[in-house]
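Chain by chain, the residues run as shown.
2 protein chains.
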Amino acid sequence: MELIDGKAVATAIKKEIDAEVEKMLAAGHRRPHLAAVLVGHDGGSETYVAAKVKACEECGFTSTLIRMEEDVTEEELLATVERLNNDNEVDGFIVQLPLPRHISEQRVIETIDYRKDVDGFHPVNVGRMSIGLPCFVSATPAGIMELLSRYNIPTRGARCVVLGRSNIVGKPVAMLMMQKANPGDATVSVCHSATRDLKDICRQADIIIAALGQPGFVTADMVKPGATIIDVGTTRVPDATRKSGFRLRGDVDFENVAPLCSFITPVPGGVGPMTIVSLMRNTLLAARHEIY
Amino acid sequence: MELIDGKAVATAIKKEIDAEVEKMLAAGHRRPHLAAVLVGHDGGSETYVAAKVKACEECGFTSTLIRMEEDVTEEELLATVERLNNDNEVDGFIVQLPLPRHISEQRVIETIDYRKDVDGFHPVNVGRMSIGLPCFVSATPAGIMELLSRYNIPTRGARCVVLGRSNIVGKPVAMLMMQKANPGDATVSVCHSATRDLKDICRQADIIIAALGQPGFVTADMVKPGATIIDVGTTRVPDATRKSGFRLRGDVDFENVAPLCSFITPVPGGVGPMTIVSLMRNTLLAARHEIY
Chain L
-2 MELIDGKAVA TAIKKEIDAE VEKMLAAGHR RPHLAAVLVG HDGGSETYVA
48 AKVKACEECG FTSTLIRMEE DVTEEELLAT VERLNNDNEV DGFIVQLPLP
98 RHISEQRVIE TIDYRKDVDG FHPVNVGRMS IGLPCFVSAT PAGIMELLSR
148 YNIPTRGARC VVLGRSNIVG KPVAMLMMQK ANPGDATVSV CHSATRDLKD
198 ICRQADIIIA ALGQPGFVTA DMVKPGATII DVGTTRVPDA TRKSGFRLRG
248 DVDFENVAPL CSFITPVPGG VGPMTIVSLM RNTLLAARHE IY
Chain C
-2 MELIDGKAVA TAIKKEIDAE VEKMLAAGHR RPHLAAVLVG HDGGSETYVA
48 AKVKACEECG FTSTLIRMEE DVTEEELLAT VERLNNDNEV DGFIVQLPLP
98 RHISEQRVIE TIDYRKDVDG FHPVNVGRMS IGLPCFVSAT PAGIMELLSR
148 YNIPTRGARC VVLGRSNIVG KPVAMLMMQK ANPGDATVSV CHSATRDLKD
198 ICRQADIIIA ALGQPGFVTA DMVKPGATII DVGTTRVPDA TRKSGFRLRG
248 DVDFENVAPL CSFITPVPGG VGPMTIVSLM RNTLLAARHE IY
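Chain order of the listed sequences is L and C.
Residues -2 to 289 (my numbering) make up the first sequence, in order.
Residues -2 to 289 (my numbering) make up the second sequence, in order.
No lab work stands behind these hints: they were computed from the structure.
You may find that some hints are simply not true.
Claimed, not checked - When the alpha-carbon atoms are kept at most 20 angstroms apart in a straight line, the in silico DMTMM-like pairs for lysine to aspartate or glutamate are as follows: (1) L/K240 to L/E43; (2) C/K177 to L/D194; (3) L/K221 to C/D194; (4) C/K4 to C/E54; (5) C/K196 to L/D203; (6) L/K196 to C/E73; (7) C/K221 to L/D203; (8) L/K20 to L/D194; (9) L/K221 to C/E54; (10) L/K196 to C/E54; (11) C/K196 to L/D197; (12) L/K221 to L/E252; (13) C/K196 to L/E252.
Said to hold, decoys possible - Sample of chain C residues with no beta-carbon within 12 angstroms of chain L, all distances over it, derived: (14) E71; (15) I150; (16) M175; (17) K177; (18) D182; (19) F214; (20) S259.
For each residue, glycine too, the CB sits at the ideal point set by N, CA and C.
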């Protein structure tokens, strides 16, 4: 069994990006600039945004954090989005989700100029990914593909089972895994709450990508010996031994599943660090106008 | 075994649409207006466009056929697209594919205003379908879903195998079948040229959607007794007994597969007629501004 070290890969990629930024500066360009809009003070969102700002520093990017209070109106938020759309000093930006209930997330996403949509959530980017055209691929699916690539995990003709059909992980990673590309070209099955015979289906899989948000869902009896397991779950579970009071748990019963696998991602330190790095890569692509 | 009569369903839907148009006229609206751009004189394209114009008549729509010669420049074609984008008398339009090699199909598709893209090929419509938002769903996948619905074929939790991963059938129908909707909510596997153990995978399927363009590919030994078979193939094969010199053949070995099935679509007369009807429905939705 080999552990897929997402943290180490992410560190390596950040160094690669930083070197690219140095080249850009030497050629007379300014630093890539990522802006993030954070509404309210949700603990999880604060943590994610702080990690993104830190990653910007490591990559040599300029970053701007725009804070808005919980009671901001949709109109005010949309005006900020429009301002960022039109700001030539900003290459890409994100609006950290989730948003307060009185604001339409979909409306906000669709207001973002797709050419600055480094989260890859705008319908134009989702559609272009589905068709197989250059686009900003959303961060978690892109990070998963990068891990499969760096660990040379064979995907062509492999049976790949995706657990979960969310718009930000399950559906896009299924599309990427089925496309005629490397990594890709797998025979993909997408399972979800209505799936019957889930264990049988999983046991046929060479690669399982678990993205349900149910801690410990994938048990040893669901895994074919030698399979590769990508664990996207990051559920906070109470842990009195930690200062924070919680720890992150994945969708996989790691202790019992890991000995069976050829490759497996840990939680934390697997897919998580790759997600932020994919956002950095998209920002670099935006700054260089490589896609649009 | 019950035959899924796409022709009869299509006829019924055209009558329903025609009744809707009568209501629109009574309310003071003009008729829905579909325009089609046909480049060159390809036999297949001529047939398809003629069928679409005829369907417009049956639905009470206005139709306009714009012919351009094979040697039209991309610039001229794009100018026509722009003109149709800005023509308030046209609700929706299509550019019949394939186009001559010197013209970028993707560029033409992306120039069409997505709000008039009744073929559902624009990235905005593809992306919105993937996310599960209201959009113009492309005609063949929409027609398949309509057949499943009208024949009350259970899809929730069903194992659905899609053969083929094209942008216009395989990928979108896979997305629709996996979405939490009715029809939909199936466990979907997408198979293609790199798939191994194809027969085993097909034999697990409650529903097979065959969209490869390989006549007679799906044989009896690939089908679980009681399965539903949707045959999207329409390959022209030589037939000296026909005036045209050819007949259409599906991707399924109908003669040997049909006795095993609970439901099966014939070729012709199955999915084909539904495709055109879906285009008509999208045009009706466009005329009523129900989506955009």
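Mind listing which of the numbered hints don't hold for this structure, in increasing order?
-> The structure breaks hints 6, 7, 8, 9, 10, 13, 16, 17 and 18; every other hint is satisfied.
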